[in-house]
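Could you build the full structure based on these sequences and the hints that come with them?
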Amino acid sequence: MNGIHDMGGMHGFGPIEREADEPVFHAPWEARLFAIRHAMGAWGKWNIDGSRHAREIIPPAEYLRMSYYERWLAGLIAQMIQAGLVTREEVRSGRPAPGAARATPALAPAEVARVLARSPSLRDVQIAPRFQAGDRVRAKNVHPTGHTRLARYARGKAGVVLRDHGVHVFPDTNAHGLGEQPRHLYSVRFEGRELWGDSAGPRDAVHLDLWESYLEPL
Amino acid sequence: MNGIHDMGGMHGFGPIEREADEPVFHAPWEARLFAIRHAMGAWGKWNIDGSRHAREIIPPAEYLRMSYYERWLAGLIAQMIQAGLVTREEVRSGRPAPGAARATPALAPAEVARVLARSPSLRDVQIAPRFQAGDRVRAKNVHPTGHTRLARYARGKAGVVLRDHGVHVFPDTNAHGLGEQPRHLYSVRFEGRELWGDSAGPRDAVHLDLWESYLEPL
Amino acid sequence: MPHDHDHDAEFTEVPSDPALRVKALESLLVEKGLVDPAALDAIIDTYERKIGPRNGARIVARAWTDPAYKQRLLSDATAAIAELGHLGRQGEHMVAVENTARVHNLVVCTLCSCYPWPVLGLPPVWYKSSPYRSRAVIDPRGVLREFGLDLGDEVEVRVWDSTSEMRYLVLPERPPGTEGLSEDALAGLVTRDAMIGVAKVPPPVKGGRP
Amino acid sequence: MPHDHDHDAEFTEVPSDPALRVKALESLLVEKGLVDPAALDAIIDTYERKIGPRNGARIVARAWTDPAYKQRLLSDATAAIAELGHLGRQGEHMVAVENTARVHNLVVCTLCSCYPWPVLGLPPVWYKSSPYRSRAVIDPRGVLREFGLDLGDEVEVRVWDSTSEMRYLVLPERPPGTEGLSEDALAGLVTRDAMIGVAKVPPPVKGGRP
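Protein chains in written order, with numbering that gives the first Met the number 0: chain A, 0 to 217; chain B, 0 to 217; chain C, 0 to 209; chain D, 0 to 209.
Hints are all accurate, no fakes.
Within a straight-line C-alpha distance of at most 30 Å, the following computed DSSO-like cross-link-like pairs (lysine-lysine) qualify:
no. : chain 1 : residue 1 : chain 2 : residue 2
1   : C       : K22       : B       : K44
2   : D       : K69       : D       : K199
3   : D       : K31       : A       : K44
If you're looking for bench data, these hints aren't it; they were derived computationally from the structure. Given the structure is predicted, the values throughout are model-derived calculations rather than measurements.
Have a look at this one:
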């Protein structure tokens, strides 16, 4: 979707505000939410692409006002309700519905290390790559209404394939319960001037990771 | 600027909410502000392009939360302060600074009709047009940080000139006190598929008014 | 071009009480002699009472009943609208675009909310809203369906994004069953939405007043 | 692809008190037996105490002192980082990019806030902010200047937008005056910002502890 989250290249957000000696979490609730998010993920009811999309569809005015963890909270609640793990009324009241069954946590303390281990998106599937390093390609000018990782600022622009990362889960389908549909993922280099015209310097470039179906040969 | 105001083609804002029997103004303050805006315009301290820009640079999160007239209020206050018509402290307190001179209103009631008359942007300047109806053109891929009326969704896209509207004030300079620098303004047709790929229907088109310097021949 | 001025955060936050702030602002400007409250009254009166979609409706009805006027309207709308006295602020330079069985025109301003005030009055809130501004250019048929207008695939949809001081007036199709109606009666049928292009002009209600 | 679910406005508005809402949520989930609070404690402990930029600094220091390791890091960062045990969630697939006198690399995620957790810890607020996400790709040199780094025109700037599960670690230039330092001492010099690419590693402070 051409959502507010797709903000690469926008002006008007002002200077970057940094904080000296920044803590890992700025409040205990951020830490608890961060942990809840991972513990609930262990139920296997959603994937990372669907979680990203759950944050992307937060209404734009709210999205911009929310902090990072407030977006996580909104996305998590939406996903838990959708998955049937909790009901709206339970979230509202903070109490289990009368007579609700008591589950056994999907994530035991002893299992935490396993859950925080890597969870690769690379799939061991043999698919012949359409592109090779050095190929000139164009990012397609597409405007899907669902989840996509093809940033708007690169669409329609020409670049060069730098590297084939192998066959990876495809977020555009995986986010919507349409399966992993893995395909080749490439690192593609776009010259700054191709993306931004004369506003970019002659020695600026942006590299994006783009799935094969985002690209057409040039 | 690639601001939040440049929202053509974005997803995620939800359905269009309509109101039956909508009044001209929804509250007396909207009407008063609307009128103040016009009456203050009579001081000749700014132009319409600068006023648009004053609203565009409202921080994005606030821009999206504000109603139309709240944006007008923010833009007007910024312009009045910048023009020296009022001071920050006066706006804050609602009282003239001690010893401030009392002016005579620029807009007398009898002059209202004159001020609400048309104020053309067409200039009687002889400049040979670079393009003619039927010419194929491409909107430049430019990303100015100041005011522009070249919507992002059309940049880099190919279209056809439909009509030469004549020589009009150029907003990109006029908004910033750099003069009217009038130039030819054209109606340019872009096919929906050129703008949006397969998301658009084969019989969709968008027509934009674009100044000559926004365009290059194709 | 660089930003040549920045806003005070104080005045660019959503005001907690805009009514109060505008009241204080007016009182400040009056005390400083910068505005005359009577001029404000006259401006408000103009837009509340003198300017509105009935101006555009009159133009449309004239075009429906006077082929020569319609011709002038489509070739030079600014001059044709001036004949009826409906030019003014935000209607400096006019273009009329004709809806037919094969072409449907729709007007938007994606960058702000430009709208032909002298012929349609001030725009409705939905026209100024983010949903309309964002969607009209990428999904015009979806927008029209939301307004209850489901156009066939054979109809071309032309969206006019008002990026300059040109302002667009849609000349809607004259509905069937209006052959005997006077220009005044026809004007009574023409809606604001039809002149923006989000609706068709409905046929007259049988037995009712148009 | 259509939206397959919509949010309740109730839960997508900025919460007036997120601390209270999260507390209520945890208590609900514990009561329903969906989460074990001890597991939450263990997760928080991991990111507060075990994972952080010192992991990345160790990798950088190793690459500075062991040419064969550097070679492995640049050709297959996932494997090279696995040697030191620093893979994990949000560091599934790693790429290391080397800063030199002629090429400067900078990492961003414009679409969300992807960041290599196992080697750098959780990202700072500025990395997740709209100003950084929006500007890093269109004005990387302006961003770097804001961080105090003014690169010459002869230096190429490469921005890596983390649009997939590949995660990027910048291998900064080894600062001058560090010839005699041990791997541990070098690791102590390496900053998080240098491994994101918004800074260089500062030379050791004369007379001070590195």
